[in-house]
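Each residue of the sequence shown is one higher than the one before, counting from 1 in our numbering.
Any given hint could turn out to be false.
With a Cα cut of at most 27 Å, we get these calculated DSSO-like pairs of lysine-lysine [what the hints assert, rightly or not]:
hint : residue 1 : residue 2
1    : 48        : 78
2    : 97        : 39
3    : 78        : 39
4    : 78        : 97
Calculated directly from the structure, the hints in this document are not laboratory data. This structure is a prediction, so every number in the text was calculated from the model and none was measured.
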Amino acid sequence: RALKPEVAPRLARIAGAEAPDIELGRDGRVRVDGAAVAKLMAGAPVLKPRLQLICADAVSEPERAAARERLEYWLARKVAADLRPLTMLEGAWRDGKLPPDARGLAFRLLESAGALDRAGEDLDHMSPAARAALQRCGVRVGRHSIFMPGLVRPRAAQTLAILHRSSCPAQSLFLPRAGALSVAIDAPLSWSASAAAGYRACGQVAVRFDLVERLAEAVSAPELTSDAALAGLIGRRAAELPGVLGALGYK
Numbered sequence: 001r002a003l004k005p006e007v008a009p010r011l012a013r014i015a016g017a018e019a020p021d022i023e024l025g026r027d028g029r030v031r032v033d034g035a036a037v038a039k040l041m042a043g044a045p046v047l048k049p050r051l052q053l054i055c056a057d058a059v060s061e062p063e064r065a066a067a068r069e070r071l072e073y074w075l076a077r078k079v080a081a082d083l084r085p086l087t088m089l090e091g092a093w094r095d096g097k098l099p100p101d102a103r104g105l106a107f108r109l110l111e112s113a114g115a116l117d118r119a120g121e122d123l124d125h126m127s128p129a130a131r132a133a134l135q136r137c138g139v140r141v142g143r144h145s146i147f148m149p150g151l152v153r154p155r156a157a158q159t160l161a162i163l164h165r166s167s168c169p170a171q172s173l174f175l176p177r178a179g180a181l182s183v184a185i186d187a188p189l190s191w192s193a194s195a196a197a198g199y200r201a202c203g204q205v206a207v208r209f210d211l212v213e214r215l216a217e218a219v220s221a222p223e224l225t226s227d228a229a230l231a232g233l234i235g236r237r238a239a240e241l242p243g244v245l246g247a248l249g250y251k
């Protein structure tokens with residue numbers, strides 16, 4: 001209890017903090033005025049994260065509760081804003097607003113950080129109504145991936161990657177710099193870890209989902225495109241292109 005005089009004012013400051021003063025770091029810690037005050041609880045669902053206050057045991061539960069509720073309210077609003085496509089899809093799935101033949105795919109998207117390998121999905125029997133319902137929720141069915149373009153944006157990708165790492169603590173955080181077209185990888189990546197950051201592992205390179213589809217369109221175009229130009233679409237050297245294309249199934 002000796003720490004109470006120091007901790008109580010800090011908790012009061014947290015409880016009254018404005019949104020611009022709060023931030024979620026890559027390390028899964030929430031900071032107020034630049035100081036770490038809480039951390040994500042491991043194993044919590046991505047769309048329903050929970051927080052644990054740091055060094056707040058010296059004060060009463062009501063004092064802790066006010067600070068924790070303020071931070072969790074801020075975090076819930078951040079999730080709703082940054083991950084809006086995913087929350088929309090989850091809401092449509094939960095409320096039964098998707099056609100029956102779209103529900104299974106929607107559930108798998110929710111379980112896989114908002115992206116799936118199209119090669120692993122049977123879409124032949126999906127009705128136009130199901131495809132349209134998924135599209136309204138922000139889902140794009142590409143040549144190689146089924147993904148949500150809204151989650152590829154830097155702010156969404158950062159939030160989703162951090163929350164995914166917390167929900168799956170056995171996995172490492174994968175989060176390339178904002179705006180990176182692709183990034184070299186030197187160790188195997190789980191599908192969900194790369195997908196949470198908006199990327200698809202293609203051999204020794206992780207390529208952003210939207211650029212995988214742009215590359216596929218260029219490869220399939222009637223006019224020939226040089227290897228250097230194709231590689232440039234994903235920000236790689238021409239020498240790396242065969243490995244990327246091979247991983248996508250091109251001969």
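Hints violated by the structure (numbers, ascending)
Those not satisfied come down to hint 2.
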